[in-house]
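Visitor: Protein chains in written order, with the working numbering: chain A, 570 to 849; chain B, 30 to 161.
Mixed in with the good hints, there may be bad ones.
Claimed, not checked - Just some of the chain A residues that point at chain B, by a computed CB distance under 10 Å:
#1 663
#2 664
#3 700
#4 701
#5 721
#6 722
#7 745
#8 746
#9 753
#10 754
#11 757
#12 760
The set of hints was computed from the structure by calculation and includes no laboratory data. Values in this document were obtained by computation on a predicted structure and should not be read as measured data. Cβ coordinates follow ideal geometry from the N, Cα and C atoms, glycine included.
Spelled out from the first residue to the last, the chains are:
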Amino acid sequence: MKISLWGTRGSLASPGPDTVRYGGNTSCVSIEGPDGSWLVLDAGTGIRNLGQNLPADLKRVDILLTHLHMDHLQGLPFFAPLRNPEVETHIWGPASTMLSLKERLQRYVSPPLFPVSIRDLSPTLHFHELSIDMFEIGKFCIISQLVIHPNPTVGYRISLNDKTVTYLPDHEPMLGARTFPRSPEWTSGYALADGADLLIHDTQFTNEEHQSRIGFGHSNIVQAFEFAKLAEVKHFVPFHHDPAHTDDQIDGMITDAVQETHPFFDITPGLEGLTLQLGD
Amino acid sequence: MAQFEVEVILARHLAENLALPMFIVDPEGNLIFFNEPAEAILGLRFGDTGLLPASEWSTMFEPVEKDGKPISPEELPLVIAMTHSHPAHKGFWIKDLDNNMRQIELTAFPVIGQSGRLSAAVAIFWEVPHED
Chain A
570 MKISLWGTRG
580 SLASPGPDTV
590 RYGGNTSCVS
600 IEGPDGSWLV
610 LDAGTGIRNL
620 GQNLPADLKR
630 VDILLTHLHM
640 DHLQGLPFFA
650 PLRNPEVETH
660 IWGPASTMLS
670 LKERLQRYVS
680 PPLFPVSIRD
690 LSPTLHFHEL
700 SIDMFEIGKF
710 CIISQLVIHP
720 NPTVGYRISL
730 NDKTVTYLPD
740 HEPMLGARTF
750 PRSPEWTSGY
760 ALADGADLLI
770 HDTQFTNEEH
780 QSRIGFGHSN
790 IVQAFEFAKL
800 AEVKHFVPFH
810 HDPAHTDDQI
820 DGMITDAVQE
830 THPFFDITPG
840 LEGLTLQLGD
Chain B
30 MAQFEVEVIL
40 ARHLAENLAL
50 PMFIVDPEGN
60 LIFFNEPAEA
70 ILGLRFGDTG
80 LLPASEWSTM
90 FEPVEKDGKP
100 ISPEELPLVI
110 AMTHSHPAHK
120 GFWIKDLDNN
130 MRQIELTAFP
140 VIGQSGRLSA
150 AVAIFWEVPH
160 ED
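Next comes chain A alone, as it looks inside the complex (with noise of 0.2 Å):
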């Protein structure tokens, strides 16, 4: 599968001269499989430039939402095949028990906050409402679960052949623990990332950032890379970086979680165009 990293900024997107490398456009990742189908993780403002970078006869398309937080969303009606209705769309997101899917993406795709409404969007469009479940896209076996990050929130891990990537990038498994890491079983997003090839996780905070902002949902990077050890990844991309960090201090983040916690798995930076080639 190939992974392809379209916008890894978290929060709010952060065009400048300051973030050319990382880039602006926040969460979203697409999959592509060998036989064509097409994952997308999230729909925060980097769907834009996969829609325009979609092959022509697409014919299917799944798009898997952690959660529904703006920056995660604000893409969604710019993302060319929810105009094009020769395209199929399924959108998996939480469920809520409050409100369907649905209800709750209309709450953003709706005047007065956009000017279209999502069932003016294609007619081919269907969603889908996940916690806890194992489920297949084409040869795609997904697994979502609840993490632990404000209103419900899931992460996935998707597997094809003997290939897995984890994908958690809003996550704050460390929140109110008195010591972490702690046993896997006590861990939130453990099973998701347990011994994953590659793990697409939150390290938007330094430590000292981390502690007047607990409980936004967010780890701090030194956590971030030690809860990847305990997973036992072998491949490990920081990503959702904080708008506020320019490339030079991202660098420098990853630089010094490398020195403090002496990973064992390979470190890529989470850079908006980085492609990534797993298995086939």
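Place chain B on chain A using the hints.
Guide: Just chain B, lined up with the frame of chain A:
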């Protein structure tokens, strides 16, 4: 390794930060966590015991009414929370590990996460002080 659901993990994190004794029980009745204030009453440390099967921990106390009449399991708040998925409260007496009778007020509630499934039940209790 199996992982507890996120609401159970958060319940433990809450327990660790409370000064009140708190138990967490899984849907099978196993005692999966108790905090430090609960350790003082149980006379056991969670770090030493880990998970305690229902058959083990449920016999540790002898819950009775004020007049010494035994309380059946189905009357206990934690059992009600687990079997009926609704909160329950009761005041009663227990015998601790040193054979001292202690009066407690106990509130139990089911933990039902966004999946809509019962994933645990929590009991928080207060010891009623007595003047001897």
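Visitor: Each hint should be assessed against the structure and marked as holding or not.
Guide: So, going through the hints one by one against the coordinates:
no.: 1; hint: 663; result: 7 Å, holds
no.: 2; hint: 664; result: 6 Å, holds
no.: 3; hint: 700; result: 4 Å, holds
no.: 4; hint: 701; result: 5 Å, holds
no.: 5; hint: 721; result: 4 Å, holds
no.: 6; hint: 722; result: 9 Å, holds
no.: 7; hint: 745; result: 3 Å, holds
no.: 8; hint: 746; result: 5 Å, holds
no.: 9; hint: 753; result: 5 Å, holds
no.: 10; hint: 754; result: 5 Å, holds
no.: 11; hint: 757; result: 5 Å, holds
no.: 12; hint: 760; result: 4 Å, holds
The structure shown violates none of the earlier numbered hints.
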